[in-house]
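The lines below spell out each chain.
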Amino acid sequence: MPSFLIEHIAVKGIAASVPKHIERNEHYPYLNREDINKFIELTGIEERRVASDQICTSDLCKAAAERLIEDLNWDKSEIDILVFISQTPDYILPNTAPLLQERLGLSKACMAFDIPLGCSGYVYGLSVISGMMKAAGLRKGLLLAGDTITKYNSPKDKSAMPLFGDAGSATALQFDTHAPNLQFDLGTDGSGYMAIIIPDGAARNKTTAASLEAKMVEEGIERNNCQLALEGMDVFSFGITTVPKAVNNLIKHFNLDIANVDHFVFHQANGMMNKMIAKKLKLPEEKVPYSLKNFGNTSCATIPLTIVTNLKKQMETKPTSLVLCGFGVGLSWGSVHLQTNKIIITDLLEI
Amino acid sequence: MELKQFVDNFSEQLENEEGIEIGGEVKFRDLAEWDSLVALSIIAMADEKYGFKLTGDDIKSSVTVADLFQKISAKNS
Chain A
1 MPSFLIEHIA
11 VKGIAASVPK
21 HIERNEHYPY
31 LNREDINKFI
41 ELTGIEERRV
51 ASDQICTSDL
61 CKAAAERLIE
71 DLNWDKSEID
81 ILVFISQTPD
91 YILPNTAPLL
101 QERLGLSKAC
111 MAFDIPLGCS
121 GYVYGLSVIS
131 GMMKAAGLRK
141 GLLLAGDTIT
151 KYNSPKDKSA
161 MPLFGDAGSA
171 TALQFDTHAP
181 NLQFDLGTDG
191 SGYMAIIIPD
201 GAARNKTTAA
211 SLEAKMVEEG
221 IERNNCQLAL
231 EGMDVFSFGI
241 TTVPKAVNNL
251 IKHFNLDIAN
261 VDHFVFHQAN
271 GMMNKMIAKK
281 LKLPEEKVPY
291 SLKNFGNTSC
301 ATIPLTIVTN
311 LKKQMETKPT
321 SLVLCGFGVG
331 LSWGSVHLQT
341 NKIIITDLLE
351 I
Chain B
1 MELKQFVDNF
11 SEQLENEEGI
21 EIGGEVKFRD
31 LAEWDSLVAL
41 SIIAMADEKY
51 GFKLTGDDIK
61 SSVTVADLFQ
71 KISAKNS
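Listed in order, the protein sequences are those of chains A and B.
Residue 261 in this note's numbering sits at position 261 of the first sequence, with consecutive numbering throughout.
Residue 42 in this note's numbering sits at position 42 of the second sequence, with consecutive numbering throughout.
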């Protein structure tokens with residue numbers, strides 16, 4: 001697990017956006033009342049935002065980016081890098097970042113590319129964009145992270161459908177020689193690549209007619225091979241063992257004191273898993289915010305969404321010390337310690 | 001590490017309203033309370049009480065509570 005730090009890059013603002021349409025889990029038609037109540041109690045997920053066919057991740061991220069640029073009063077010509085983190089691009093190719101460069105009206109001198117990571121993507125993305133900005137002396141950067149994973153879910157898959165929601169986000173970074181260090185710890189275990197997978201539709205298993213045939217995997221789980229398959233038990237087992245170790249690694253490596261960290265913001269996987277992770281790390285409950293109840297698991301958008309919906313007042317008015325941790329599909333995980341000083345947190349946008 | 005203690009720990013994860021006592025020979029999938037969410041509680045219990053990372057395959061390849069116990073004791077010893 002490499003731990004490293006990046007100097008001179010400041011986070012200046014965070015925005016998040018969700019589709020207007022709400023789906024309440026109590027109305028999920030493929031589980032009976034008793035089972036859905038149990039599901040809600042254990043996962044903490046009551047409702048989720050679901051994008052219509054007309055809304056892509058890029059649209060959610062564009063809305064968040066536009067508001068953030070406006071609130072920061074940034075000159076768009078100074079944005080030298082745009083990184084789009086998502087597993088739900090507009091097209092298989094090209095990357096979505098160039099489309100966003102054009103749609104946001106950014107300079108042609110702006111570098112733009114995608115990183116298709118999921119739950120760990122926000123933290124990985126922060127490391128890549130800040131590393132590039134530091135190395136190349138870039139002035140301003142936009143990290144756009146989001147997913148519309150519900151587009152890949154089978155409605156008849158009780159193990160995935162009621163867990164996931166859609167959201168986008170934008171994070172503004174700026175070169176600043178007075179910025180505190182960003183401290184990272186990143187890791188990977190590709191042996192678990194089957195734990196969360198869409199098997200068909202890319203180069204290994206091209207789409208065939210058979211890919212689109214719905215199959216009964218077990219009672220309550222019906223999906224085709226172009227839809228997301230989740231091995232819940234393996235993801236859970238990974239989450240409660242690897243994540244506490246990884247966060248402890250960051251804490252030890254950088255000699256952090258939990259008492260001096262204002263909030264620990266975790267990827268929102270499910271309530272039961274997240275509570276076990278917090279408990280194993282012995283974190284005080286008030287330091288661990290959640291956004292699961294109203295938004296579910298929004299893949300790489302969970303961390304910025306949780307910040308926007310829980311920490312706006314604190315982060316706009318006070319210097320704030322945060323540990324962020326993303327973990328999941330890959331398997332992949334990343335933690336970062338970052339300190340902000342009265343930054344812009346926009347109100348949650350609905351499109 | 002004792003089977004009886006493991007069975008007790010297993011039982012605690014079930015919402016066993018009738019208070020039925022179970023033994024190691026019980027086929028856990030046949031229990032009325034068994035579902036995929038209880039499976040997560042069993043994984044959490046194995047981690048908490050035994051420091052053992054129980055996988056989906058471990059559960060799928062087990063039939064009885066004693067089978068699960070054996071997997072944990074075999075890898076822990």
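Rather than coming from a laboratory, the hints here were simulated on the basis of the structure.
Misleading hints may appear alongside valid ones.
What the hints assert, rightly or not - One side of the interface only, derived from the structure: several residues of chain A facing chain B at Cβ under 10 Å:
id, residue
1, L42
2, D80
3, A214
4, E218
5, N224
6, T242
Stated by the list, open to error - Computed far set for chain A versus chain B, every beta-carbon distance over 12 Å:
id, residue
7, K38
8, N73
9, K158
10, L186
11, I251
12, E350
13, I351
What the hints assert, rightly or not - Restricting the straight-line Cα-Cα distance to at most 35 Å, the calculated cross-link-like pairs of lysine-lysine (DSBU-like) are:
id, chain 1, residue 1, chain 2, residue 2
14, B, K49, A, K38
15, A, K156, B, K53
16, B, K4, B, K71
17, A, K252, B, K4
18, A, K313, A, K245
19, A, K312, A, K293
20, B, K49, A, K206
21, A, K151, A, K313
22, A, K312, B, K49
23, A, K318, B, K27
24, B, K4, B, K60
25, A, K293, A, K279
The beta carbon of each residue, even a glycine, is placed where N, CA and C say it ideally should be.
Outcome of the hint check:
1. A cut of 10 Å between beta carbons decides the hint on L42/A: the least distance to chain B is about 5 Å, and the hint holds.
2. Evaluation of the D80/A hint against chain B yields a violated restraint, the C-beta minimum of about 43 Å exceeding 10 Å.
3. Of the supplied interface hints, the one on A214/A is violated, with its beta-carbon coming no nearer than about 20 Å to a beta-carbon of chain B, more than 10 Å.
4. Using the Cβ-Cβ criterion of 10 Å, the hint placing E218/A at the interface with chain B is satisfied: the shortest such distance is roughly 9 Å.
5. Contact between N224/A and chain B, as hinted, is not supported at the beta carbon level, the nearest pair being about 20 Å apart and thus beyond 10 Å.
6. The interface hint given for T242/A is met, as the beta carbon of that residue sits about 9 Å from the closest beta carbon of chain B, less than 10 Å.
7. Against the 12 Å criterion, K38/A falls within the reach of chain B, whose nearest CB is about 6 Å from its own CB.
8. With a least beta-carbon separation of about 47 Å from chain B, N73/A lies farther than 12 Å from that chain, consistent with its non-interface assignment.
9. For K158/A, the shortest C-beta to C-beta distance to chain B comes to about 8 Å, within the 12 Å cut-off, and the non-interface label is violated.
10. Here L186/A stays apart from chain B, with its beta-carbon at least about 21 Å from theirs, past the 12 Å limit.
11. With 12 Å as the threshold on Cβ separation, the claim that I251/A sits away from chain B holds: the shortest Cβ distance comes to roughly 20 Å.
12. Separation of E350/A from chain B is adequate, the least Cβ-Cβ distance of about 31 Å exceeding the 12 Å criterion.
13. With a least CB separation of 33 Å from chain B, I351/A remains clear of the 12 Å interface cut-off, as annotated.
14. Restraint check for K49/B and K38/A: the C-alpha separation of about 24 Å stays at or below 35 Å, so the hint holds.
15. For the given pair, K156/A sits about 30 Å from K53/B by alpha-carbon distance, which is consistent with the 35 Å threshold.
16. For the proposed pair K4/B and K71/B, the alpha carbon gap of about 15 Å is at most 35 Å, so the pair holds.
17. Pair hint K252/A plus K4/B does not hold up; C-alpha atoms about 38 Å apart against a cutoff of 35 Å.
18. Taken as a hint, the K313/A and K245/A pair is honoured in the structure, with Cα atoms around 31 Å apart against an allowance of 35 Å.
19. The straight-line distance between the Cα atoms of K312/A and K293/A is roughly 18 Å, inside the 35 Å bound, and the hint therefore holds.
20. Taking the CA atoms of K49/B and K206/A, the gap is near 44 Å; set against the 35 Å cutoff, the hint is violated.
21. For the given pair, K151/A sits about 33 Å from K313/A by alpha-carbon distance, which is consistent with the 35 Å threshold.
22. For the suggested pair K312/A and K49/B, the alpha carbons sit about 38 Å apart, so the restraint of at most 35 Å is broken.
23. A threshold of 35 Å between alpha carbons decides the hint, and for K318/A with K27/B the separation of about 56 Å lies outside it, so the pair is violated.
24. Proximity of K4/B to K60/B is assessed by CA-CA distance (about 22 Å); at most 35 Å being required, the pair is judged to hold.
25. A hinted pair counts as satisfied when its Cα atoms are at most 35 Å apart, and K293/A with K279/A qualifies at roughly 19 Å.
Comparing the model with each numbered hint stated earlier shows that hints 2, 3, 5, 7, 9, 17, 20, 22, 23 do not hold.
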